[in-house]
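A.B. asks: The chain contents come next:
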Amino acid sequence: MSVETTEVEGIEPAVVHPPRHAWSEEEVRAAVQAAIARRAGAASDPLQMREELIPILSDINQTLGYLPPEAFVEVGKQLRMPVSQLFSVASFYQMLSTKPRGRHVVQFCESAPCHVVGGRQVWAALQEALKLGPGETSPDGKWTLQTTSCIGICAVGPVLIVDADIYGNVTPAQVTEILAKYR
Amino acid sequence: MKAVRSLVLVSNDPDSVARGAQEVYRRIQEEVKAFGLQDEVAVTMVADIGRHDAVPMVMVYPEAVVYGPIRPDDVKTLVEEHLYKGRIAPGLMAPTRELTGRIAWLSARKGTLPAEQRIVLERAGVIDPEDIEDYIAHEGYVALGKALTEMQPADVIEEIARSGLRGRGGAGFPTGTKMKMVAREQHPKKYVICNADESEPGTFKDRLILEGDPHSIIEAMVLAAYAVGADEGFVYVRGEYVLAQARLKKAIAQAEEMGFLGQDIFGSGFNFKLHIHSGAGAYVCGEETALIESIEGKRGEPRPRPPYPTQVGLWGKPTLVNNVETLANLPPIIRNGASWFKQFGTPNSTGTKVYTILGNVNMTGLVEVPMGITLREVISIYAKGMRDGRTFKLAQTGGSSGSIIPAALQDTPMDFDSYAKAGVSLGSGALLICDEDTCVVDLAKVLMNFFRSESCGRCGPCRIGTERAHQILDAMSQGVGKLSDLNDLEMLANGLNQFSNCGLGQTAAVPIRDMLRHFRAEVEAHIKLKVCPAGACAMSGIAGRH
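Protein chains in written order, with the working numbering: chain A, 1 to 183; chain B, 1001 to 1546.
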C-alpha cells in the first residue's frame, strides 16, 4: 500500500497540565531562575539573551502551567527587559498562557481538515459534555476547553487533545468516554 | 465513487469531439459490456487531458497509459487487450514526445502499477531515525562529502540551479536563485534557516521528514551553508512537534560527534554550528521574516519587504530560509546530479511533491509522487476513491491559504505552471478532498475563522479584513446574509490581497475569491432562499451563534 497512515502514538503535545493554580512568590522566582539557568549556556552571545526569551518563557509555562504576573517581573529583572515587552511576546504565542488553566486542558482542532470529516459534531458534543465554551475554565478548576489550529495529524481527524494525550478519528459518542478517563 | 479496477478517460475537448470522441466513448461502453467488465471498469469523459497531439485520447488508470489517436475501430482491440487481458496495447499508445503534465510521470512508472516516487521520503520508515549509522549505510552524508571535498560552493549552487528545484513551502521560488542571492552578499556572517514551522492546516509532510529522517535535514543544511558561505544555522521547529524536536536534537548530537557538524568538516576547513529553535504556537511564524523575528525573541510579526532576508535577515545578516521539503531534496540532487533529478516531474516543475491527502476519502495519508499528477489520479488511485461512494465536490489545496478547486478542474496537472495558469495555488501540498455534504460557505467560514485568529494584528487590512469577512460569512451561514455582502466580500478580498503586509493577509482571501468564482449559485442560495443546499449550515436566523 502506497499511502502511509500517520501514527498517533508517541507524539506528545507540549502542553503539560498545571498541577495547581496559586504559586508563592518564592516558587515563581525559583522557576524563573531555573529556566534562565537552563538556557544560559545556549545563547550564542551573552548580550543576545533575548534570543532565548521564548524558550525561557516556554520553560516557565511548563513548570507553572501558565505565566503568572510575578514571573514577568522576575524575568524582566533578570534579563533587564521591560515587563510590557515580555507580556507583549507572551500574549502573542498560543502555547504561552497568561491565565491560569484547569487541571486538564482539552484542546480541539478547529481547522478545516478536521471540520469537514465531522469535527463540527464533535465540537458540539464536547461543549455539551463539559458545559464550557471556547477558552473557558470550569468553576471547580478541573477543565479548560480550548480550540487550537491544526497540529499536523490531520490524517486521523477529527482530533482531540487532553493534556498530553492525542485522540484521533473521534466521534461525538466517544467524547464522554474519553473525558471520563480524567479525574 | 465505487471502487473499480480500472478507470478509462476519454478526451472531450472540442478538437477530440470533432474527431469522433463521442463515438469512441460509446464504443468503449459497448465493448466493456460485451466483455462483462461493466462492474470493474468506469468510463468517463474529461474536458482536458493535458495534451492535444493525438486526439481523441483514451487514458487508462491505474496504469496511466495514454492511447491516441483512437478511432472507433480501435476500441475493440483496446478493451480486449488492456481491460480484458490486462496487457498494454503498444500499437495504440500515443507518441511519448513533449512530456508535460500527467504524461511526465509515465516514464517514472513505466506503465506498471501506480507507485510512489520517493526522493525526500526515501528513507522515512526504512531506517532507524535515531541511528546515524543506519543513515550513513543508506548513502547518508555522501552528498556532503562529495560537495566539501570535490566541489566549490559555486558548483553546488550551479548544480541546484540546473536541477530546476523550486521551493516546496508554497511559493515555488527557484532554490538555486535564492542561494545565489545569499552567496553574492559580501558579509562575513551569514545564516541558514530551515523553516520547519509547518502550521498550514492539513500539512504534515515536514513532520514526517523530521521524524523519519532527521539527518537528511542536517546534511542538507550543511550543504546549503557551504554553498552560500554561512557558518551558523537554525532549524525553527513548531512547538507542537515534540517528537520531531527530540529526534532532531539527538541527530545533531550524533552528527557533531561524528564530525559532520562543528569545526573543519571532512577536513575541508569548513565550520558549521546548528541550533534548534522551538516555536511557541503561531501560524504566522511560518512566514520567513516573522520566523526570523521569533528566533530573535520577539513577537512573530512579519517585517516589511524589501529588504529580503537574503540581504537583511537574522540579526540583520544575509540569511537563506528554506522549507524542510526543499532542503531534503538537496542531498539527492548533489549525490545523483541535476540531470537525474530533472527526469522526474514536468520541465518547469522538476522533481517530486509530497501531498497530504485528507477529507472524505477512503484512504487518508501522505504520498510522494512526481509533480504534474492530477487530483483525479490522487483521489482514484492513492486515496482509493471517495468515502461511502459519495461524489467529489471540491478540493481545498495547499492549506488554509490555498485554493478551493471545483470538481471540474480535477484534471489539471498539479505543477506550478499549470496551476498558476488555472489561477490555482499549489501551496504546501495539502489536498483536502470534500464530498457533496461539504458546504462551501461553511468551509470558507472555518478558513476565515482560522485567519482571524492567526492574524498577527499588526497591519489593519489583515486584522480588520479577516474579522469582517468572517462576520459576513457567519451571517450567511445563519441565513441572515444580504446580497450586498457579496460585493463587500469581493472588496475585502481585493483589499486583503493588495494592502496586507505579508503573505498571510495577501492569501487569506483566496478561498473567498474561489468560492465566489466557482460556487456563486450555492452562496446566493444562502442569501436569497435562506437555504444551505449541502445542509451543513445552521441557518438559525441569528448572526454570531456558532
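Honestly, the hints are just simulated from the structure, not real lab data.
It cannot be assumed that every hint is accurate.
Stated by the list, open to error - So these bits of chain B aren't anywhere near chain A, every CB distance computed over 12 Å: (1) Gly1036; (2) Lys1085; (3) Ala1161; (4) Lys1298; (5) Arg1335; (6) Asp1437; (7) Met1491.
What the hints assert, rightly or not - No more than 25 Å apart at the CA atoms, straight line, and that leaves these computed lysine-lysine pairs for PhoX-like: (8) Lys77(A) - Lys142(A); (9) Lys1180(B) - Lys1298(B); (10) Lys1530(B) - Lys77(A); (11) Lys1189(B) - Lys1317(B); (12) Lys1530(B) - Lys1482(B); (13) Lys1298(B) - Lys99(A).
What the hints assert, rightly or not - Taking beta-carbon pairs under 10 Å as the criterion, some of the chain A residues facing chain B (in silico): (14) Gly76; (15) Lys77; (16) Gln78; (17) Cys109; (18) Glu110; (19) Ala129; (20) Leu130; (21) Leu132; (22) Thr171; (23) Gln174; (24) Ile178.
Remember, predicted model here, so these are calculated numbers, not experimental data.
Note that the Cβ used here is the ideal one computed from N, Cα and C, for glycine as well.
A.B. asks: Among all the numbered hints in the text so far, which are the ones the structure does not match?
C.D. replies: 4, 6, 8, 9, 10, 14, 15, 16, 19, 20, 21, 22, 23, 24
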